[in-house]
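These protein sequences, in sequence, are chains A and B. Quick note on numbering: the numbering used here labels position 129 of the first sequence as 129, and the sequence is numbered without any gaps. Quick note on numbering: the numbering used here labels position 480 of the second sequence as 480, and the sequence is numbered without any gaps.
Hints in this document: simulated from the structure, not taken from any laboratory. Mixed in with the good hints, there may be bad ones.
Using 30 Å as the maximum straight-line C-alpha spacing, the simulated DSSO-like pairs for lysine-lysine come out as follows [what the hints assert, rightly or not]:
no. : chain 1 : residue 1 : chain 2 : residue 2
1   : B       : K169      : A       : K41
2   : B       : K98       : A       : K105
3   : A       : K388      : B       : K98
4   : B       : K431      : B       : K328
5   : A       : K319      : A       : K346
6   : A       : K354      : A       : K424
7   : B       : K448      : A       : K388
8   : A       : K161      : A       : K173
Given the structure is predicted, the values throughout are model-derived calculations rather than measurements.
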Amino acid sequence: MPAEPQPPTPPRRCCRWVCWFAGIVIAVLVVWAAARFTSDKPVTYAGNEDHFKYGSTGGERSSGIPYSIWMALPELFPQYLPGKGLQSLGFLYEPGKDLPIGVSKRRVQGIDRVFLNCAVCHVGSVRDTPASAPRFIVGMPSNTVDLQGFERFLSAVALDKDFTGDRIAPVIKRMGTDDWLNRELIRYVGVDLMRDQLVSLRQMFSFMDREPVFGPGRFDTFNPPKVLLNFRMDMLPPEEWVGVCNFPSIWHQRLREGMELHWDGNNISVDERNRSAAFGTGALPPTLDRASVRRTANWLLDAAPPPYPYPIDAALASKGKPVYAEYCARCHGASGTDFAGDLVGKVTPIDLIKTDRHRLDSYSFALCVNQGELYAAYPAERFQHFRKTDGYANQPLDGIWLRSPYLHNGSVPNLWELLEPASKRTATFFRGYDVYDQKNVGFVANVSHENEKAFFPLDTTLPGNGNYGHEGKAFGTELSEDSKQALIEYLKTF
Amino acid sequence: MNFSRCMRWLIALVAILCVVGVFGWYKFFREVPQPPFANEGERFKYGSIGAENTRGIPYWIWVVLPRVFPDFVPGPGGYKAFGVVWEPGQEIPVGFSKKTIGFPRIANNCAICHVGTWRASESDLPHVVVGAPAHTSNLQSMIRFLTNCAADPRFNADTLLAQIERETKLSVVDRLIYRFALIPLTRSALQKQATQMAWMNRPGWPDWGKGRDDPMNLTKYFMTSQPVDNTTGQADFPSVWNLKIRNGDGLFLNWSCDTPAVISVLIDSALGLGAAPDPTVPLDTLNWKFKRRAWFVNRMQELDAYLSDLAPPAYPFPIDAALAAKGKVIYAGETNGPAGKCVSCHDPGQAHTNRLIPIADIGTDRNRMDTWNQAAADQANEKVKEIGIIRPNMVKQEGYQSPPLDGLWMRAPYLHNGSVPTLSDLLAPVKDRPTAFHRGYDVYDPAKVGFITTGDAAARDGWMEDTSVRGNGNQGHTYGTELSDADKIALLEYLKTL
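Could you build all of it, start to finish, from the sequences and the hints given here?
Rendered as structure tokens:
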């Protein structure tokens, strides 16, 4: 039998194998790329307190800064920082952490991104003496973070000629914070996108240039939402320009539900207030991480301040109790945990409280009604409770010892001075120093420098910084010195 | 074999068409009733009058326009900057209705012109009065805003969608619908509207300003085929409460007694806002278009019933009862002779109330009256009849209507063109009336009875009416201008009680 001719299959079979192989490789690549570039995964934390300090609100999705760039910036642009690293802007770093408190991380489209969360404004630092180690206390107003300084740092970086992919990529390589692919993406795309965002951020926040410098522990709350709604900030009436105010404490939210919240009491819904604040962490209605924010909100319902850690003269405090009951309780609650009182959480008209009215006026009726559009795509979450008020809301005093400096604009350094008439309050004092002043109850306010770190001089004569008001007989500024001492001792128990 | 294959294809085709049809109906025509309103007042403020079909702007486009085009908005404040009434906590301003017809749409209703506010002081919050003239709203500037947006190259899918997606996560399908249908269609509809409104933008033409429109020219140019002429008739939005005392044989509504019945005014005004009962379908055809017309007529009857009994607002400031009692005598005219006899023209049921005062007698600015003519009235009547709606016919008259004075305090500024800011100015001789003042500021002046029209705040919030501009003349209605000062003060006090 003649040998059968070899069928011409081997090359075809080979071809088929190649095709199969190529197909599988492509499929794997597609799956890998899809998994990588559609990723949306926050770094999560087991403990509620860590979740509060480092958990995501979803803001990284729309406003996130690539983690590698965040890490590289202080090293590349030290000239725009007051000292070494973001610590010099008052950011608080816990041992062993590469990100400060108040900064969360999420992997979006294959790139780790970071942005601010609630804790950046609501965690503070306390030292007993200059030699003591700092204690970071959650829920208290941040007394050290200079958010405006941070915004100005980013703005300066955006305009710097060295803010380029080619300058940043080698630093990322050295830090080893991203793989080759991400490094090249950041080099050729990421930096340019970020520059665009930062330049527009700089333009959006230019309204701040009409205000006194905020310094640590303060920001303008209700001009940013006007920017969010693209109001013509250049046409803003001058009385709305200055909205600077202190960060508040955020403990005991369950007891605050239904109270008139925010300094001017413009909203009675804790949930709306939370979502409104979440805009500040970059979270927009479609990008808000609802489960994560809910977890934080639930935890804050019963979060409580730590007790005053220094000695309290019990006898003196008990003398202060009736003074408090007579003068303060009706507006500020029966105690630090019992917020009963017919005016607690209610707005006191500006004509009575007579504190600096800039923050009140910065919140306009026009903004109030426009906020009704926010979250409209999610009807159960739409803002329905914003109102324009005519004064400032009476706050419960839980953890009052940690809420210095006092008044809505942080213009009075300690409780002792708050019980003095405005004429005797310090006209210029320093903010940002975290050593505690047990005598006057508040943070030490007369220290301008510690080593190379300069603290912020708050000039109370500037618009928005006024330290007047909350004074007169009804406000306790005419009490005897002994009564004041006793009252302050009692307030330490809150 | 062939036949069956053919059948199979045919069935597939029909199935596909059905799916496409149902999908198209769902995404573009499915009507979802508005959620129920707490009461008729809320429904008046936010309820649909059926204008979403033809004039409905896709909701998300409406939301983002002031954010994409802040440079066309007259101040910081989104739609609030146009002076519209906007209640805290509400998603949309008063006079706007949101309704889903395939997709959520925004249109206007009667309240855009007929809900007003007052405040006792600059730090007071607006008190909203249903049925009051919307004296703060600048409708013309809002129309011009939409015109400017549509003409601008930024009105494109990329720019609008980028802003929309800051508020909502659209599905892929909805994003495509917005990109390829709603955004371009809305733009071209607004451009078309701009050409229809070109007459009001003629160089040097009088502006409507706050609290006014040009009602009969709007009717003329939108409902009839009358050519654009040289008339201008800017006029105040009237109050619309207590309509029952305005309805009756021989009584007329609209500033020049152009309409003989409340229902006619309601229907014609709603048609003007774009309410769209379909004109091509005869009355006896029972289909969805007919249902819409039946719904429309029914809604107009409901509004008629509601507004007929809507009480005018009581004067919110103190009244000196003794002084008012003195004023009532003057109002009745017993001591002043015919010249001071307010009652005969302004009390319901009196000989001249709700009737025409000839132009030669009243002597007020005639421009508004001259905007309307018999040919326009005939055409408008014909048009409404074609739509299949029966209502008393419009007419043409030479003069102005003498209205009842219920809720008078809230109807400032006065005369048909709002050319006199307060009642106290109206009792002054023409030469002493202000010739330029800021209207549209809602803080009240109880001394002069009207809104404050001078000062920085009024200048900031108001629009300056110049009475030397054509159509803004403040002459005429000189009745009572020769009373003594004491009598005028008493009369003013009485007028507060109306």
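Hints and how they fare:
no.	hint	verdict
1	K169(B) / K41(A)	holds, 18 Å
2	K98(B) / K105(A)	violated, 39 Å
3	K388(A) / K98(B)	holds, 25 Å
4	K431(B) / K328(B)	holds, 26 Å
5	K319(A) / K346(A)	holds, 27 Å
6	K354(A) / K424(A)	holds, 16 Å
7	K448(B) / K388(A)	holds, 28 Å
8	K161(A) / K173(A)	holds, 21 Å
The structure fails to meet hint 2 from the earlier list, while all remaining hints are met.
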